[in-house]
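Participant: Listed here are the chains, written in short residue letters.
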Amino acid sequence: MPPVIDLNECIGCGKCVDVCSEDVFFGTKDFGKSIEHKPVVTYPEVCWHCNLCVKACPVAGAIRLRIPLAMSVAYKDGPLGNS
Amino acid sequence: MKIETVDADVLCIGGGIAGLMAAIRASELGARVVVVEKGSIGYSGAARMGNDHFWAYVPEAHGPDMRAFIKECMLTQLGPMCSTLSSRVVDTWMERSLEIVKLWEEWGIEMKYQGQWEFAGHSFPGHAMTHLKYSGHNQNIVLLDEARKRGAVAMDRVMAFELLGGAGRVTGALGIDTREDRLVEFQARSVILCTGSTRRLFLGVTPALIGNDTRPFTLTGDGRAMAYRLGAELVGMEMLARHVGNRYFVRSGQGTWIGVFRDPYGRPLGPYVAEPSRRYGDITPEVDKSLFARVMESGGGPVYMDCSGISDEDYEYMRHWLVQEGSAPLLNHLSEEGIDPRKHPIEFMSYNFASIGYIRCNEKGETSVRGLYSAGDESTFGISGAAIFGWVAAENAAAYVGESAAPAFDGENARTEEKKRLIETLQNRMDGTDWKDANIALQQVMSDYAGPVRSAPMLEAGLSHVRRLREKARNTLRAENRWELTRCVEVLNLYDLAELVFVAALERRESRGFHQRADYRMTDPLLNDQVLIVRNVDGKPTATWREKER
Ligand code: SF4
Ligand code: SF4
Numbered sequence: 001m002p003p004v005i006d007l008n009e010c011i012g013c014g015k016c017v018d019v020c021s022e023d024v025f026f027g028t029k030d031f032g033k034s035i036e037h038k039p040v041v042t043y044p045e046v047c048w049h050c051n052l053c054v055k056a057c058p059v060a061g062a063i064r065l066r067i068p069l070a071m072s073v074a075y076k077d078g079p080l081g082n083s
Numbered sequence: 001m002k003i004e005t006v007d008a009d010v011l012c013i014g015g016g017i018a019g020l021m022a023a024i025r026a027s028e029l030g031a032r033v034v035v036v037e038k039g040s041i042g043y044s045g046a047a048r049m050g051n052d053h054f055w056a057y058v059p060e061a062h063g064p065d066m067r068a069f070i071k072e073c074m075l076t077q078l079g080p081m082c083s084t085l086s087s088r089v090v091d092t093w094m095e096r097s098l099e100i101v102k103l104w105e106e107w108g109i110e111m112k113y114q115g116q117w118e119f120a121g122h123s124f125p126g127h128a129m130t131h132l133k134y135s136g137h138n139q140n141i142v143l144l145d146e147a148r149k150r151g152a153v154a155m156d157r158v159m160a161f162e163l164l165g166g167a168g169r170v171t172g173a174l175g176i177d178t179r180e181d182r183l184v185e186f187q188a189r190s191v192i193l194c195t196g197s198t199r200r201l202f203l204g205v206t207p208a209l210i211g212n213d214t215r216p217f218t219l220t221g222d223g224r225a226m227a228y229r230l231g232a233e234l235v236g237m238e239m240l241a242r243h244v245g246n247r248y249f250v251r252s253g254q255g256t257w258i259g260v261f262r263d264p265y266g267r268p269l270g271p272y273v274a275e276p277s278r279r280y281g282d283i284t285p286e287v288d289k290s291l292f293a294r295v296m297e298s299g300g301g302p303v304y305m306d307c308s309g310i311s312d313e314d315y316e317y318m319r320h321w322l323v324q325e326g327s328a329p330l331l332n333h334l335s336e337e338g339i340d341p342r343k344h345p346i347e348f349m350s351y352n353f354a355s356i357g358y359i360r361c362n363e364k365g366e367t368s369v370r371g372l373y374s375a376g377d378e379s380t381f382g383i384s385g386a387a388i389f390g391w392v393a394a395e396n397a398a399a400y401v402g403e404s405a406a407p408a409f410d411g412e413n414a415r416t417e418e419k420k421r422l423i424e425t426l427q428n429r430m431d432g433t434d435w436k437d438a439n440i441a442l443q444q445v446m447s448d449y450a451g452p453v454r455s456a457p458m459l460e461a462g463l464s465h466v467r468r469l470r471e472k473a474r475n476t477l478r479a480e481n482r483w484e485l486t487r488c489v490e491v492l493n494l495y496d497l498a499e500l501v502f503v504a505a506l507e508r509r510e511s512r513g514f515h516q517r518a519d520y521r522m523t524d525p526l527l528n529d530q531v532l533i534v535r536n537v538d539g540k541p542t543a544t545w546r547e548k549e550r
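One line per chain: the protein sequences are B and V, in this order. All residue numbers for the first sequence refer to the numbering used here, where the first residue is 1 and numbers rise by one. All residue numbers for the second sequence refer to the numbering used here, where the first residue is 1 and numbers rise by one.
Chain B extracted, bound-state conformation (with noise of 0.2 Å):
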């Protein structure tokens, strides 16, 4: 469930932390002030998926949105028509 975080790329700065209006990190250690304190995902299933976490990260791959199988799109595997 989204969203999912790198440890090993994070830097802690606590960006994503920051501009979450759902507070899908509440936890977070000093909520991320530190640089020591990497976030914790603790209400993924109140993510709206808007991706505002992933462009306010200054890392390129520490955060990222794994969207849930249940938000899977359903579509057709080629042209209508053909059923």
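In case anyone wonders, no lab produced these hints; they're calculated from the structure. Careful, some of the hints might be misleading.
To be verified - Selected chain V positions facing chain B (in silico; Cβ < 10 Å): (1) Trp104; (2) Trp107; (3) Arg157; (4) Thr178; (5) Asp213; (6) Arg247; (7) Arg262; (8) Tyr265; (9) Gly266; (10) Gly270; (11) Ser298; (12) Pro302; (13) Asn481.
As the list claims (entries may be wrong) - With a Cα cut of at most 27 Å, we get these calculated DSS-like pairs of lysine-lysine: (14) Lys2/V x Lys55/B; (15) Lys436/V x Lys29/B; (16) Lys29/B x Lys112/V; (17) Lys149/V x Lys15/B.
Note that the structure is a prediction, hence the values are computed from the model and not measured. Glycine included, each C-beta is placed from N, C-alpha and C at the ideal position.
With chain B's structure known, arrange chain V with the ligands on it following the hints.
Facilitator: Relative to chain B, chain V with the ligands alone:
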């Protein structure tokens, strides 16, 4: 718990488009402004990811006849969403739209496309185009900067949850810090409510993923609930709305797609377009937002958005606007899954019902309580409405502050103390109901008893159950931490709104729009120009009919 006092001339509650526009305007008119936001200001509200459509009357594009333009707007989704608004509200909205568009352009939100006004999507072929295309991906940040430049104070992570005042006048609000142990008492001469739409009252598409919604999870109609408790009039609480979008990644933005809605055999579902049209889109689902649900339920589905045959240029155009509109996460998902909309028709669906009752306002953004204003999705609809009425409400709030005597705060202590006790009780209970249980209990009863099928016995049964649940929730809710505390307070607001939905739905003894009464199947033409007002009379919700103002 410590109590902190914050003083302001104008308090804007909610830091989305309406709240920020209100903060900008009230500040530049000389008021001391605080804007309080329960999330992260600049990154909150329904518009935080962006948008690409703005209702705007641009005489050089539409000609001098504003009435004709409004008439066209009312044929689109604006019609049902605005059925409770007076025509003076709609006139003000459209009269002032271009002024706001120009300000946004000046501040750095691109309102033109390649140097020109561009109108596209959400339109009937051959008709006037009502939706201005714009690049809204940065809008919240731009507005926050403008508000700060003018001296407005932005307060993050505080949820205002109760208005202070009495005798028909507002004097401030109470807020809880969503992260720390703090209660904030705002003493304000005027309050502008800008808290957005009401989610989490009805079950969503994916009940277990409560955030899978067209609007963010944190929008819980707090402004409506607070306004109601203070005595302001709400309108249309019985009415429902639904959106249409792709299945199952719930998003707005259907009007940005370029393609044709078709059945599995490739037949268009609507009469408007047979080939993809960059200019018009396919307006079919806006005419009937339940169409796709009925097609699916009757075995004629699935329904697809078919972009096949679209030119490369149009495809890039669509992707450009989907990004502006806030659908970048969806586009990322499609590319990760190898889904190419030109080759893979994407399923669309009618999303679940949501509540749309409004705080009743006049064309100045004034509510029925002195000093209390409202703007945005809690009193109009969409980004354009939020921008324009945020601005207009602030002008009138600033004038009110200039003219009125400072309110006395005596007598507020009792309310502050009572609410402080409530918060402490929620925090200190050792054992009890968690917010999610209380929220789901509410959503299931709303969807079962106040959804698209209604009757007096069902509504009465639902109302009794909701009242019992609310009593239990009040007596047992428990918060593990500040995050949960915020959710508990939201859920209590939702219970208050739920009661109003039932009371109003019982009073509307007819069928209209998505309010379908099995015991009153006809639409009563005698109610065409009436609105249903709900108000708190001595602690009891009371519904009354009133002639709709011109
Ligand atoms: S995607 Fe949005 S809602 Fe989800 S964690 Fe990131 S900022 Fe928060
Ligand atoms: S923004 Fe990126 S680097 Fe900073 S704390 Fe979040 S994941 Fe780590």
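Participant: State for each hint whether it applies.
Facilitator: Results of checking the hints against the structure:
no., hint, in the structure
1, Trp104, "20 Å, violated"
2, Trp107, "20 Å, violated"
3, Arg157, "8 Å, holds"
4, Thr178, "7 Å, holds"
5, Asp213, "8 Å, holds"
6, Arg247, "5 Å, holds"
7, Arg262, "6 Å, holds"
8, Tyr265, "5 Å, holds"
9, Gly266, "4 Å, holds"
10, Gly270, "15 Å, violated"
11, Ser298, "17 Å, violated"
12, Pro302, "7 Å, holds"
13, Asn481, "7 Å, holds"
14, Lys2/V x Lys55/B, "35 Å, violated"
15, Lys436/V x Lys29/B, "24 Å, holds"
16, Lys29/B x Lys112/V, "44 Å, violated"
17, Lys149/V x Lys15/B, "23 Å, holds"
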